[in-house]
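Generate coordinates for the entire structure from the input sequences, incorporating the hints supplied.
Here are the chains, one letter per residue:
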Amino acid sequence: MSLSDAKPTGPAIEFVGVNKWYGRFHALRDINLTVGRGERIVVCGPSGSGKSTMIRCVNKLEDHQKGAIRVDGVELTDSPRSVEAIRRDVGMVFQNFNLFPHLTVLENCTLAPIWVRKKPKAEAEAKAMELLGRVRIPEQAGKYPGQLSGGQQQRVAIARALCMEPSIMLFDEPTSALDPEMVREVLDAMVELARSGMTMMVVTHEMGFAREVADRVVFMDSGEIVEVNAPVPFFDAPQHERTRTFLSQILR
Amino acid sequence: MTDAAFVRLAPAPALSPPASLVGPWGWARANLFSSATSTGSTLVLAALALWFLPSLIGWATWKAVWIAPDGAACRLAQDGACWAFVAQKWQYLLYGSYPESEHWRVNVTEVMGAVLIGWLLWTGAPRKLLGAALFFFVYPIVAFVLLHGSAIFGLPYVDTIRWGGVFVSLLVSLVGIVFSLPLGVLLALGRRSTRPVVKALSVTYIEVVRGVPFITVLFMANNLLPLFVPDDYAPDRFLRPLVGTVLFAAAYLAEEVRGGLQSLPKGQYEGAAALGFGYWRAMGLVALPQALTLVIPGIVNNFIGLFKDTTLVSIVDMADFLSAMDNAMKDTVWSGPTILVTGYVFAGIFYYVFCAAMSAYARGVEKRLAAGRNR
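Residue numbers (my numbering), protein chains in the order written: chain A, -17 to 234; chain B, 15 to 389.
Derived by calculation from the structure, the hints in this document are not laboratory data.
Since this is a predicted model, take the numbers as computed values, not measurements.
Here a beta-carbon is modelled for each residue, glycine too, at the ideal position from N, C-alpha and C.
Any given hint could be a false lead.
[What the hints assert, rightly or not] Derived lysine-lysine pairs resembling DSSO-like cross-links, with alpha carbons at most 27 Å apart: (1) B:K344 to B:K77; (2) B:K213 to B:K280; (3) A:K103 to B:K142; (4) B:K322 to B:K103; (5) B:K381 to B:K142; (6) B:K142 to A:K101; (7) B:K142 to A:K125; (8) B:K322 to B:K344; (9) A:K100 to B:K142; (10) A:K125 to A:K103; (11) B:K280 to B:K381; (12) A:K125 to A:K109; (13) A:K125 to A:K100; (14) B:K103 to B:K77; (15) A:K101 to A:K125; (16) B:K280 to A:K125; (17) A:K100 to B:K280; (18) B:K381 to A:K125; (19) B:K103 to B:K344; (20) B:K280 to A:K48; (21) B:K322 to B:K381.
[Said to hold, decoys possible] Calculated Cβ distances over 10 Å to all of chain A for the following chain B residues: (22) A86; (23) M234; (24) Y365.
Here it is as structure tokens:
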């Protein structure tokens, strides 16, 4: 039984007392966070604060050593089968796109549906074209990633993740590697996705996006969650001293 | 003028380049006489060519003996090659001591192999999967039955001791190339494995085999392999060096492939993992296609080396092309001062043609891949 068939009703993602170490370095400290179904969470914080590490734990690109992470009610374990099952249901968009340069845009989008979801090729291609249309680049389907601009590549990466029909999407600094004029087109695609009701965890420095889309903003520093709040109180009345310092630095 | 502002009023027209940049004169200036060093080396090389080429071409053509029943004519024409010798020995050079009435079986095998390889190497060929299945699964069996003989099909049995010549060289190279690549890929994956036992075994294998000369591997395959199995099951004397060749080449290929895998950005593996690909699919669909493309020059380099290394199988009494040539040159009917040079020059040309073809194909593939995607 795959996760998406189960139609779970509980929270989408739960962190319960999660701790992680890189060697002796304590990278995540006592993380407790519950992400509801359809909720949009923006994670921000200074570099090295553990925000990327935290969302990479959700699909087990990173291991945690203490505590529990549950995705759709299923606890992450070391069993490769459960990890692959969770990854089928959790899409991820990376800072550096991580498109496959040896495949065309369309092939990038259909590879996993065909080989992991076992979809017929025609069906996978139809779905891919529909999603490429949604991120507004269907005309690039036959090109290779290297022939596209950074913003276009990132939109392909979003479409590629959506082709697996995930119920949760993770974004790890999706606009940080882009030239400034391309940030908008990627954010637009993400806003559109948020409006469709997707559960999203987004690590980003785009505070405008956070205000516009987020249900809650999570502020992290030194591997711990310092403050969690809805965007309006978070930006207008930050409670913690470290949050105030951070916001004053990035908002000027 | 101190006024730095500027507005173009009329567009600058595109002019054709000056004569010194185009045409044969332009080419020569750019490539042969671009600097004092370049001009000097052009002149020196031209002088050397003028000095050597006429006598070399003369040796190979008008001073050579083309048709002769035995070595008498060649012994007289000492300034020219003795192609008549090659012409008379060609059957032996191609087939070794394979019975003459059965030569067609070797020819059929070779033609089938050439057609299948052409099918697989030709870029736009249709139904490649079928071609690959035929080549990797059907062809080896058909080739074995044809070459070795089978009572069922009424093909007389030909002992491997009579196999020889060009066809043995091609056979050893082909088996070596076809089987060492998958084995090398597995070893490369093993060496990068997170499982300590798999990794340790792969590293040990690669390092031991790379640390030992090919001749040693051949001797060990030839003399040790039979000791480990009961006499009745002892592998054929022809099979043993084949196994040795494959095992040896695989260790080198593994290192090439590992280099390719390591040069991929970590994000490629993460991207594949995040989409739910398991280990084998991530490797087979994402990592290996990229890694193998990156290391094509190295892999072809290994194949060329392997092709020439097949000459070493002669030390375990396999009559490959070069040793067939050696044997042919011992024929007293032909003995003469020009035979040795003629024989070895001919062998050199043979090996050169095959190696040049391999590297030309690889260059073509690289060019095509580079054009397809600019990373």
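Here is what the structure says about each hint:
A hinted pair counts as satisfied when its Cα atoms are at most 27 Å apart, and K344 of chain B with K77 of chain B qualifies at roughly 23 Å. Restraint check for K213 of chain B and K280 of chain B: satisfied, since their Cα atoms lie roughly 19 Å apart, inside the 27 Å limit. Restraint check: the Cα-Cα separation between K103 of chain A and K142 of chain B comes to about 19 Å, which is no more than 27 Å; the hinted pair holds. With a C-alpha separation of about 22 Å, the suggested pair K322 of chain B and K103 of chain B falls inside the 27 Å cut-off, and the hint holds.
Taking the CA atoms of K381 of chain B and K142 of chain B, the gap is about 21 Å. The hint holds against a cut of 27 Å. Note on K142 of chain B and K101 of chain A: the hinted pairing holds, with a Cα-Cα distance of about 23 Å set against a maximum of 27 Å. At roughly 23 Å between alpha-carbon atoms, K142 of chain B and K125 of chain A fall within 27 Å of each other, so this suggested pair holds. A hinted pair counts as satisfied when its Cα atoms are at most 27 Å apart, and K322 of chain B with K344 of chain B qualifies at roughly 22 Å.
Simply put, K100 of chain A and K142 of chain B have alpha-carbon atoms about 22 Å apart, close enough for the 27 Å limit, and the pair holds. At roughly 18 Å between alpha-carbon atoms, K125 of chain A and K103 of chain A fall within 27 Å of each other, so this suggested pair holds. For a cut-off of 27 Å, the pair hint linking K280 of chain B to K381 of chain B stands: about 26 Å separates their Cα positions. For the given pair, K125 of chain A sits about 18 Å from K109 of chain A by alpha-carbon distance, which is consistent with the 27 Å threshold.
With a C-alpha separation of about 24 Å, the suggested pairing of K125 of chain A with K100 of chain A holds against the 27 Å cut-off. Among the hinted pairs, K103 of chain B with K77 of chain B is consistent with the structure: their alpha-carbon atoms are about 20 Å apart, no more than 27 Å. Distance restraint check for K101 of chain A and K125 of chain A: the Cα-Cα separation of roughly 23 Å lies within the 27 Å cut-off, and the hinted pair is therefore satisfied. The straight-line distance between the Cα atoms of K280 of chain B and K125 of chain A is roughly 23 Å, inside the 27 Å bound, and the hint therefore holds.
Only pairs whose Cα atoms come within 27 Å are accepted, and K100 of chain A paired with K280 of chain B is accepted, the gap being roughly 26 Å. With a CA separation close to 18 Å, the supplied pair K381 of chain B and K125 of chain A stays within the 27 Å bound. With a CA separation close to 12 Å, the supplied pair K103 of chain B and K344 of chain B stays within the 27 Å bound. About 25 Å separates the Cα atoms of K280 of chain B and K48 of chain A, which keeps this hinted pair within 27 Å; it holds.
Distance check on the hinted pair: K322 of chain B and K381 of chain B sit about 25 Å apart at the alpha-carbon level, within 27 Å; holds. With a closest Cβ-Cβ approach of about 62 Å to chain A, A86 of chain B is found to remain outside the 10 Å limit, as its non-interface label requires. Against chain A, the non-interface label of M234 of chain B holds: every CB pair exceeds 10 Å, the least being about 39 Å. No beta-carbon of chain A comes within 10 Å of the beta-carbon of Y365 of chain B; the shortest separation is about 33 Å.
Checked against the numbered hints listed earlier, the structure breaks none of them; every hint is satisfied.
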